[in-house]
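Colleague: Protein sequences, first through last, are from chains A and B. Take 1 as the starting number for the first sequence in the working numbering and just add one per residue. Take 1 as the starting number for the second sequence in the working numbering and just add one per residue.
If you're looking for bench data, these hints aren't it; they were derived computationally from the structure. There are no misleading hints in this set.
Taking lysine to any residue pairs in the SDA-like style, the calculated list, with each CA pair at most 20 Å apart, reads:
(1) Lys99/A / Lys291/B
(2) Lys224/B / Tyr330/B
(3) Lys99/A / Ala400/B
(4) Lys133/B / Asp40/A
(5) Lys291/B / Val98/A
(6) Lys133/B / Leu27/A
(7) Lys291/B / Val169/A
(8) Lys167/B / Thr92/A
(9) Lys125/A / Gly87/B
(10) Lys282/B / Ser172/A
(11) Lys282/B / Thr92/A
(12) Lys99/A / Leu287/B
(13) Lys291/B / Ser97/A
(14) Lys99/A / Pro83/B
(15) Lys282/B / Gly399/B
(16) Lys224/B / Ala204/B
(17) Lys125/A / Ile116/B
(18) Lys74/B / Gly100/B
(19) Lys79/A / Thr85/B
(20) Lys133/B / Trp206/B
(21) Lys75/A / Ile145/A
(22) Lys167/B / Val375/B
(23) Lys79/A / Ala82/B
(24) Lys133/B / Glu197/B
(25) Lys167/B / Gly93/A
(26) Lys167/B / Ala392/B
(27) Lys291/B / Arg401/B
(28) Lys133/B / Gly26/A
(29) Lys291/B / Ile88/A
(30) Lys282/B / Ala77/A
(31) Lys125/A / Thr85/B
(32) Lys282/B / Ala118/A
(33) Lys332/B / Arg173/A
(34) Lys332/B / Ala225/B
(35) Lys282/B / Phe168/A
(36) Lys167/B / Asn289/B
(37) Lys282/B / Gln83/A
(38) Lys133/B / Ser272/B
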Amino acid sequence: MFMPRLCLGVAAPILLSMAALAEAPGLGHPAATEEIAVWDISIGPEGAGLPPGSGTPRQGEAVYAAKCLGCHGEKGAGKPNDQLVGGIGTLTGEQVSVKTVGSFWPYATTLFDYVRRAMPFDAPKSLSNDEAYAVCAYILQLNGIVEDNAVMDGQSLAKVQMPNRNGFVPFSRQK
Amino acid sequence: MGSKRPAAGEPETAAGNGLLDRRALLAAGAFLGAAGAISSRPVFGAAELKVEPWMTEPGAPFSGYGQPSRYEAKVVRTFASAPGTTGTGASRTPLQRLNGTITPNGLHFERHHSGIPEIDPDAHRLLIHGLVKRPLVFTLEALARYPTETRIAFIECGGNTGALYQKEPAQLDLQASHGLLSCAEWTGVRLALLLDEAGVEAQAQWLVAEGADAASMSRSVPMKAGEEALVALYQNGERVRPSNGYPLRLVLPGYEGNMNVKWLRRIKATASPTMTKDETSKYTILLSNGKSLQFVFPIETKSVITQPSPGLNLRGLGFYEISGLAWSGYGKITRVDVSADGGKSWTAAALQEPVLPKALTRFRVPWRWEGGPAVLQSRATDSSGQVQPTRAALIAERGARTIYHFNGITSWAVDEHGQVRHVYA
Chain A
1 MFMPRLCLGV
11 AAPILLSMAA
21 LAEAPGLGHP
31 AATEEIAVWD
41 ISIGPEGAGL
51 PPGSGTPRQG
61 EAVYAAKCLG
71 CHGEKGAGKP
81 NDQLVGGIGT
91 LTGEQVSVKT
101 VGSFWPYATT
111 LFDYVRRAMP
121 FDAPKSLSND
131 EAYAVCAYIL
141 QLNGIVEDNA
151 VMDGQSLAKV
161 QMPNRNGFVP
171 FSRQK
Chain B
1 MGSKRPAAGE
11 PETAAGNGLL
21 DRRALLAAGA
31 FLGAAGAISS
41 RPVFGAAELK
51 VEPWMTEPGA
61 PFSGYGQPSR
71 YEAKVVRTFA
81 SAPGTTGTGA
91 SRTPLQRLNG
101 TITPNGLHFE
111 RHHSGIPEID
121 PDAHRLLIHG
131 LVKRPLVFTL
141 EALARYPTET
151 RIAFIECGGN
161 TGALYQKEPA
171 QLDLQASHGL
181 LSCAEWTGVR
191 LALLLDEAGV
201 EAQAQWLVAE
211 GADAASMSRS
221 VPMKAGEEAL
231 VALYQNGERV
241 RPSNGYPLRL
251 VLPGYEGNMN
261 VKWLRRIKAT
271 ASPTMTKDET
281 SKYTILLSNG
291 KSLQFVFPIE
301 TKSVITQPSP
311 GLNLRGLGFY
321 EISGLAWSGY
331 GKITRVDVSA
341 DGGKSWTAAA
351 LQEPVLPKAL
361 TRFRVPWRWE
371 GGPAVLQSRA
381 TDSSGQVQPT
391 RAALIAERGA
401 RTIYHFNGIT
411 SWAVDEHGQV
421 RHVYA
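Okay, chain B solo, but in the shape it has when bound (with noise of 0.2 Å):
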């Protein structure tokens, strides 16, 4: 489709098939072009413009924890347990129905090796052990006293976009495809703090790090990555919600979200790693050889389109604001492109600010359907210079043996009735 020249007053096109200037929302009076469609819509009239009910008398009570309105009742996570379990599988964020870049607690992505538990804080105990000089229990109580540090870190599932890989082009929604993925401020004491108190001896180049649920999940964690790590007490201002760990969790910013051990209870300094089941039988990547790659840990760069994506489809042509998530495990997002035309052409998105490191950042840009078809595509640079690679490249380079750590540009298809799927382009 060719590019319709602006009338006077629209901004300029920043790259092909609509994609506007993501300036363009900040310049007031930038849209004074769209006034002519303005008055050519329906006028509202007094029936819509009524008094309604909730106007005429006293509304609802106070309640001890507040609730979404019964209208948003869609914004939930969605789940499949393993075969005869109830809660061991996973729950995704439905992020195609939230906006800026922090995750509600109730809709935080799980996932559970066997259930949650139920742990009474005050039986829990964190251990620390292994090759250190002085092992050490802590209570929660003496967790609480111990200065604590604030860091809004993502967590995503090393499965997560696991159905990428496929032949075909999946046809999920964006929950079900990239749901593993979330993004909170979490706040706890600095486990290096608790490691020092005990003496890492300096042969000990790994932890291993335990879960008190009923399947004492296990991870070996490079020592290195131990410096950045948190554990957790408290998760977007609350404590940490059973579902996501409570009453402690251990945070790595920027690492596959099985290494985030939830209800941490125990913490083993070693030399080597432990070679746990879900380090070598799972969160491998099998290649084309036959060999494994192991001990993939950080999140490499990525984004996706958040609005529009599968389900939500374009009502009538003109105006959207294209929106979606950008992250990496290695550090800040520092550019987000965006392609309306399957990559032809590009323009820089807007970041929202603050953009911290290993933290979901929100995007932004302008764009103006023209009732053409489209492929949506956005592409992340982070501050390692990593950028965000095609989904041909990625492959080409580790195969499609494999589930985890798929990180390749993500397609939208817009037709010319606004539908809006999953492609390979």
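Excised from the complex, chain A in its bound form (with noise of 0.2 Å):
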């Protein structure tokens, strides 16, 4: 008496994922180019999807007086937060590796990249992307990738080599 029903029980939402399955739900909308634009804020390891702007080293000093200081230190020295210039030449033998932006980041587009989606840490997405750019100026600077009059924008900042560029081996299991 029971048997019958429960079988029926399991049998219907079986039946009703594979007819799901063999007809897609589509229930998605369509997105619009503008609505992706404002959402899209990954920037590739090539500047894809850096936006208009720029930035120097000297507007990137007062930013980062005024929004980085607090956590990163006098000149991205570190402290109480992560450490951001210095370090270059210590990621091999014995000595204690220093990684920072200057020593260890492969891309300065990541640089800008998280800047701008995660900084400063108490008002994410406040900076403009000039400040964006001008604070990237500044670090870059400070750890000696780039010269003092430097301006950063979308066509420049992709273009800085990195030191720790060709640092990076992808993993495999296979030896």
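Build the complex from these two chains, which are given one at a time in their own frames, with help from the hints.
Modeller: Structure (structure tokens):
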């Protein structure tokens, strides 16, 4: 008496899900290009997605003093949070490795991507594109990677050669 | 110490230092030999077997959402935040106080990069775009109508057990050393189904997944991994907790935790990796030669003894169950060997059924502690043939300049007082 009902109860959802799989639910809405542009804040390593705007180390120094120094210290020296400057040449040998933007990060585009989406910590996404370019320019200049008079923008940032650009090997389990 | 001859009726030892055969527990009367020991213990009197107050009046009323006994108040996550922040850092699962394989939702470990967002599900959207024919936006209401799948999967932070690379064995309890590891039943929509609807272009080999937290944490995921991925709506039967990604979490079984993006709001199909902060400056393994391994995605074969473990000291001689967890991002755990003599001899542990791929697997082995020093170890093997390496072998291969993806054998030393501490052996 109980069994047939139980069997029905089990069989029905299976049939339902098979039917659903055979025919895609199609419940997503088409996304408008403008809508995507607002959401898509990813910057590729070749610079794809870098927005208009520009900044220099000097401009960046002012932004840094106002919005970054409290966590990252004088001239990116770190403390209480991550060190941003220095450590270049410390990745090999027996010495303690100091991993900073300058010594370790392979792409300058990642710096812009991260600063714009996540910094400053207490007000992420509040920097203008000019401010974000300027802060990147300042951090790169402090690391000796770009000149004092460099202008960082959608073209120049992607061309910056980071010291550890060739320091990464894709992992594979095959030895 | 010499191994004692078993008394009549006691199980034979299966490996050195008192390890018993895993089947000993199943055989009825296997421990009849212990009856002699029982008769020598003090007799429980009427004082212990009295009628307790909770038996003489009605108990507590109903509650909307159940809580653990107040006597279990120690079973909580421990956490630390980055300087000057709250909710940015990690909380750890109290693995030494749990059993089985499923982590209760309130105890699942967390790693947040800018706190836990309070997301209104009606306002939340998932965008799929990039190298697709039809960019699509999904509401939660829409996703809830899709066919769902359920998958039990562990999630482990790529930085879990990073302290085991240190020169000297860190004296931490299991929660502090191994607690960035949890396992849950995840229910959601297969990512592949949503990608199919968007129509992924042939040149799209990667995805970049992004969360709706203040840090908009993002990671590149190989398209191939997306085949197994779930866009999870439910965790252990209830909606995913805010601390684990409410209302949507990307679940990539076997892959390092950071890639299982919480608060999922955007997936972009790309030809190559986006090189985000968390796949370049973090979660890469700096080798001795100055090069760094990148895209180390699956967690490699790993296990640890959870009971006993540092802080859970032995109280008296005799029987103990050695219990622990094994897991691999490459498949199923096929075997766990346990040693009580620092790896000189091993016996296979019993595995709790069902053993599922890319899920925590509980192992157990009976042990008779005879009061001497012991070094307890576990060694897992998975269905891909991978065997958990010794710590020395792992470090010989990868060095010790990193905190990521440590999967070496872990050793707990038991001294003659029953104190358990972490050693390298």
